[in-house]
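Single-letter residue listing:
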Amino acid sequence: NAGVTQTPKFRILKIGQSMTLQCTQDMNHNYMYWYRQDPGMGLKLIYYSVGAGITDKGEVPNGYNVSRSTTEDFPLRLELAAPSQTSVYFCASSYSNQLAGTYEQYFGPGTRLTVT
Amino acid sequence: AQSVTQLDSQVPVFEEAPVELRCNYSSSVSVYLFWYVQYPNQGLQLLLKYLSGSTLVESINGFEAEFNKSQTSFHLRKPSVHISDTAEYFCAVSANYGGSQGNLIFGKGTKLSVKP
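Here the protein sequences line up with chains A and B, keeping their order.
11 is the number that our numbering gives to position 11 of the first sequence; each next residue is one higher, with no gaps.
95 is the number that our numbering gives to position 95 of the second sequence; each next residue is one higher, with no gaps.
Source of the hints: derived by calculation from the structure; they are not laboratory data.
Hints should not be assumed to be uniformly reliable.
Partner residues aside, some chain A positions facing chain B, computed with beta carbon under 8 Å [unchecked claim]:
1. PHE90
2. GLU104
3. GLY108
4. PRO109
5. LEU113
Since the model is a prediction, treat every value here as computed from it, not as a measurement.
Think of the CB as a built atom: it goes at the ideal place given N, C-alpha and C, for glycine as much as any other residue.
Taking the hints into account, I'd like the entire structure generated from these sequences.
Structure (structure tokens):
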């Protein structure tokens, strides 16, 4: 299993440009997540999905959009990039069931994005 | 809602010395607890987890953590650190009931720096 894969690894955007960060998992996990990591701030949840066709906002959703058309893929879209979106972005997935809740999350290697 | 506090942002220590990274949490429901490790320029990897059962959990590389419900703590310890343990460590908590969102709440991280 490849686990959680993310592309690209690095990207530089100009202010106002848009892009899509790709995330794929091959573990048949029902839950998927997008986080951003800024120095000294830990990880903040942007969006999450509990299954195909279902997404919801996390702590910091402004400026981002997501979709989940399949179990495997969970792309993150940045519209009108701003310098405040300079960050490292991590995708994660996990398995959850109705009885026990959700166990650990598995993380991708990250995408380092710079907006100038 | 849950929250996590990692009491030290940086911990410098000499090689072969013991180390403790502190983590306290707050929650109105029962929780699962996790420690993740992030090596430079990499994603997060699960180090160890407490789901249920024994309150002392161990990792394969010599770390251990103890769940203390009365003190709402989950401190990470290692009796003798190596240079290769230099990394950032994140404590995380999630609600452990079925139907929960499965979101992890992360602390802000502790940077462990092991010096020769």
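Any hints from earlier that this structure breaks? Give me their numbers in increasing order, please.
5
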